[in-house]
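Spelled out from the first residue to the last, the chains are:
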Amino acid sequence: MRKSWWKVVTVVLLVYVITGGLLMEVPRLNILNETIRALYFHVPMWFGMIIMLVVSMVYSVKYLRSSNALYDTIALEFANVGIVFGIFGILTGMFWAQFAWGAWWSGDPKQNASAIGLLIYLAYFVLRGSLEDREQRARIAAVYNIFAFAALIPLLFILPRLTDSLHPGNGGNPGFNAYDLDNRMRRVFYTAVIGWSLLGVWIASVRVRIRRIESSLEL
Amino acid sequence: MRKVLVAFFIFMCAQVLAAHGEVQNARQDYSASQVEMADQFRADGKIYVLTGIILIILFGTVVYLIVIDRKVSRLEKELRNDGH
Numbered sequence: 001m002r003k004s005w006w007k008v009v010t011v012v013l014l015v016y017v018i019t020g021g022l023l024m025e026v027p028r029l030n031i032l033n034e035t036i037r038a039l040y041f042h043v044p045m046w047f048g049m050i051i052m053l054v055v056s057m058v059y060s061v062k063y064l065r066s067s068n069a070l071y072d073t074i075a076l077e078f079a080n081v082g083i084v085f086g087i088f089g090i091l092t093g094m095f096w097a098q099f100a101w102g103a104w105w106s107g108d109p110k111q112n113a114s115a116i117g118l119l120i121y122l123a124y125f126v127l128r129g130s131l132e133d134r135e136q137r138a139r140i141a142a143v144y145n146i147f148a149f150a151a152l153i154p155l156l157f158i159l160p161r162l163t164d165s166l167h168p169g170n171g172g173n174p175g176f177n178a179y180d181l182d183n184r185m186r187r188v189f190y191t192a193v194i195g196w197s198l199l200g201v202w203i204a205s206v207r208v209r210i211r212r213i214e215s216s217l218e219l
Numbered sequence: 001m002r003k004v005l006v007a008f009f010i011f012m013c014a015q016v017l018a019a020h021g022e023v024q025n026a027r028q029d030y031s032a033s034q035v036e037m038a039d040q041f042r043a044d045g046k047i048y049v050l051t052g053i054i055l056i057i058l059f060g061t062v063v064y065l066i067v068i069d070r071k072v073s074r075l076e077k078e079l080r081n082d083g084h
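Heads up: the sequence lines are chains A and B, in that order. For the first sequence, the working numbering assigns the number 1 to the initial residue and increments by one for each residue that follows. For the second sequence, the working numbering assigns the number 1 to the initial residue and increments by one for each residue that follows.
Quick caveat, the hints were computed from the structure, so don't treat them as lab data. Quick reminder that beta carbons are idealized off the backbone N, C-alpha and C, glycines included. Among the hints, a few may not be true.
To be verified - Under 7 Å between C-beta atoms, here's a sample of chain B residues computed to sit facing chain A:
(1) Leu5
(2) Glu36
(3) Val49
(4) Ile53
(5) Ile54
(6) Leu58
(7) Val63
(8) Leu75
(9) Leu79
(10) Asn81
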C-alpha cells in the first residue's frame, strides 16, 4: 500500500463524522426530529460528487491539451466515484424524503434535476463503452465530460433556485442560512465533506492504478 | 477453511449445551434493575449501539480498501520487476 498521511486523515475524519454526527447535540426541530442528522450524511454525498466531478472535468481538459492517456484514466475514475456518491445521495435523499416530506419522490425540482444530472453522466459511461478505438474514445469522452459538467451546474445550483422547492435554500433563499445549518452543525458537516471526498480520492486513485496495470499488461 | 468450520461447530455445540444448562430461577435475575450493569450503553434509544454498528461498517470498509490498495501495490511491484 502506498502509505500517505492523508489516508490516515480520511479515517480519523470519518470516525469523527459518524460518532459526532450521531451523538452530538443538534437543533430540536419538528418533523425533522433526529433525521436532521441526515444532513451530515446525505448532503456530503452531493458535495463529494461535485468535488469528484470537478476533478474529472479538469482532467478531461488536461487530456485534450496533452493527449496523455493517464489524464483520461483519471477523468474516468473520478467520474466513476463521483457518480457512486451521486447514487448514494439520491438513495439517501429518497429515504429521508419518505419520512420528512411524506413520499419517496415528490417531483421536487432538485430531485428531478439531480436525477437528470446522473443520467447525463451515466450516458458518459455508455458513450465510452461504445467506442473501440482508445484515442478516439478518450477524446470524445473528454469533450462529453466537459459538457456534462457544464449541464450539471445549472441543473443542481441554478434551476432549482428559480422555483419553489422542498429542499432548503431554494426558492430564492441562499443555500445555508442560520436556520439550515448553525455553526455547531457546520463543524461536523464540513468535516464530513472533507472526509468523504478524501475517501473518494483514495478509491479513485486505487482504481486508476488498477487501470494502469491493465493497460501495461495489454502492451 | 476446515479449521474455521470446526471452530464454528465447537462454538455452536457449546451454545446448545449452555442453553440446556439454564436454571429456571436465573431468569428473574435478568430483570433485577437494582443491580448495576452497563445500562448507560443501552440508554438514549440505544444510539450508542447504532454508532458502534456504523463504525464497524466504516472500519470494515476501510480495511477492505487498504487490502485492495496493498494488492494493487504488490501487482505494480511485480510488473516493475518483470520489466513492463
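So, going through the hints one by one against the coordinates:
A cut of 7 Å between beta carbons decides the hint on leucine 5 of chain B: the least distance to chain A is about 31 Å, and the hint is violated. Taking 7 Å as the C-beta contact cut-off toward chain A, the hint placing glutamate 36 of chain B at the interface is violated, the least distance being around 23 Å. The beta carbon of valine 49 of chain B comes no nearer than 11 Å to any beta carbon in chain A, farther than 7 Å, and the hint placing it at the interface is violated. Restraint check, isoleucine 53 of chain B versus chain A: the minimum CB separation of about 10 Å is more than 7 Å; hint violated.
Given the 7 Å rule on beta carbons, the hint for isoleucine 54 of chain B holds: about 5 Å separates it from the nearest Cβ of chain A. With 7 Å as the threshold, the beta carbon of leucine 58 of chain B comes within range of chain A, its nearest partner Cβ sitting at about 6 Å, so the hint holds. For valine 63 of chain B, the suggested interface contact is broken, since its CB lies about 10 Å from the closest CB of chain A, more than 7 Å. For leucine 75 of chain B, the shortest C-beta to C-beta distance to chain A is roughly 5 Å, which falls under 7 Å, so the interface hint holds.
Restraint check, leucine 79 of chain B versus chain A: the minimum CB separation of about 6 Å is within 7 Å; hint holds. Given the 7 Å rule on beta carbons, the hint for asparagine 81 of chain B is violated: about 13 Å separates it from the nearest Cβ of chain A.
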